[in-house]
Amino acid sequence: MNIRNSMVALLACVFATSILASSGLEGQQAPDFALKSSSGENLRLSEYRGDVVMINFWATWCGPCRQEMPLLDELYARYQRVGFNLLGVNIDDDSRRAMKMIDELGVSFPVLFDSRKEVSELYEVEAMPVTVLIDREGNVRHVHHGYKPGYEQKYLDQIRSLLRE
Amino acid sequence: MTKTLISLAAIAMLLFSISVVAQEDIAPLNADTAMADAMSVQAAKSESRERFRSLDQDVQTLKKEVLDLNRDLFLLEEELLFPANSQVAFFVSMDVGEYFELDSINIKIDGKEVANYLYTARETDALIRGGVHRVHMANLKTGDHELIAVFTGKGPHVRDYRRGATLNFEKGIGAKYLELEITDRVKKQQPEFVIKEWE
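Protein sequence lines correspond, in order, to chains A and B.
Numbering-wise, our numbering puts 20 at position 20 of the first sequence, and it's gapless, one number per residue.
Numbering-wise, our numbering puts 91 at position 91 of the second sequence, and it's gapless, one number per residue.
In short, the hints are calculated from the structure, not lab data.
Careful: at least some of the hints might be erroneous.
[What the hints assert, rightly or not] For each label pair, taking beta carbons as the anchor points, the in silico distance ranges come out as:
id	chain 1	residue 1	chain 2	residue 2	range
1	A	49	B	34	51 to 57 angstroms
2	B	73	A	139	17 to 23 angstroms
3	B	160	A	94	15 to 21 angstroms
4	B	130	A	108	32 to 38 angstroms
5	A	148	B	142	56 to 62 angstroms
6	B	55	A	100	56 to 62 angstroms
7	B	55	A	139	24 to 30 angstroms
8	B	165	A	115	23 to 29 angstroms
[Said to hold, decoys possible] As a list, the in silico SDA-like pairs of lysine to any residue whose alpha-carbon atoms are at most 25 angstroms apart:
id	chain 1	residue 1	chain 2	residue 2
9	A	36	B	56
10	B	112	A	34
11	A	117	B	118
12	B	154	A	96
Note that beta-carbon positions come from the ideal geometry of N, C-alpha and C, so glycine has one too.
Start from the sequences and build out the full structure, keeping to the hints where you can.
Here you go:
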């Protein structure tokens, strides 16, 4: 009986951990938003329906973001012509700092400014960076919290498989 | 059990007799058989085509049903969330748009911000082409209310432009529709922002 109880407890624990680990957004329709971009234009996510979209939430004070962004830019440059779009969402209060960092890093993908933090709330962003992959139908398919060297390979595989769908 | 066995035996006998008859026919009627084969292949083809067509029709019907269901759900949700008696809807329209390039609209009701909508180039284009955009929908109590709409964008000579418009309106029983209209005032070469109540 004791063994059974402990097994149930263990299962419950594993279940709870798996719920915590997986994002609540995966498999759901990506919440729509519109934000001002670094080029001055307003960009709306739903206007990219039909393309695979990656949203990368970043901030100037986040070290891993600085590492990750040039790698994401490479992916963007490579797959943009086959229906892949990348939207960087900066959550700094002051967009000037973000613009400075974009210039320093020389990235070419559109960067949007979420100074009111409304979009990061919509996407339950609790760590930096957060990378969200959205399929052609507008559904959230993968959510990555944080960045470690090697993640770009994971992104590459996922982008390629979403583009093939 | 015995009944099933008997019926199985009968079917086997029947099949056997058919095959015997068929074998007898083979030698003298080779051309006829080929013709019959070709006809049966054609019949099978047309049957499969027919089946495919009916399947396609089924899919189309199903799609239509899904769309209808989606529309009904949407309407039902609206009716439940915004009952006609307390419903207030705000629409944005644009006429010409020569002197104003719309960027965003901020709406406050009774001093409280209820909507802040950013327009993309495509959306502005749709407005200029005659589209009307429902920017916000809310529930309001009957009585007097104040609406403040702030329009941001590029004005004449591509300068940053920000203008507000205010309307005091009375919400009675029944739904209320308000239109935020952006027009060009040619005489002054300036945009004009008007809030209208739909009767």
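Any of the earlier hints contradicted here, and which numbers?
9
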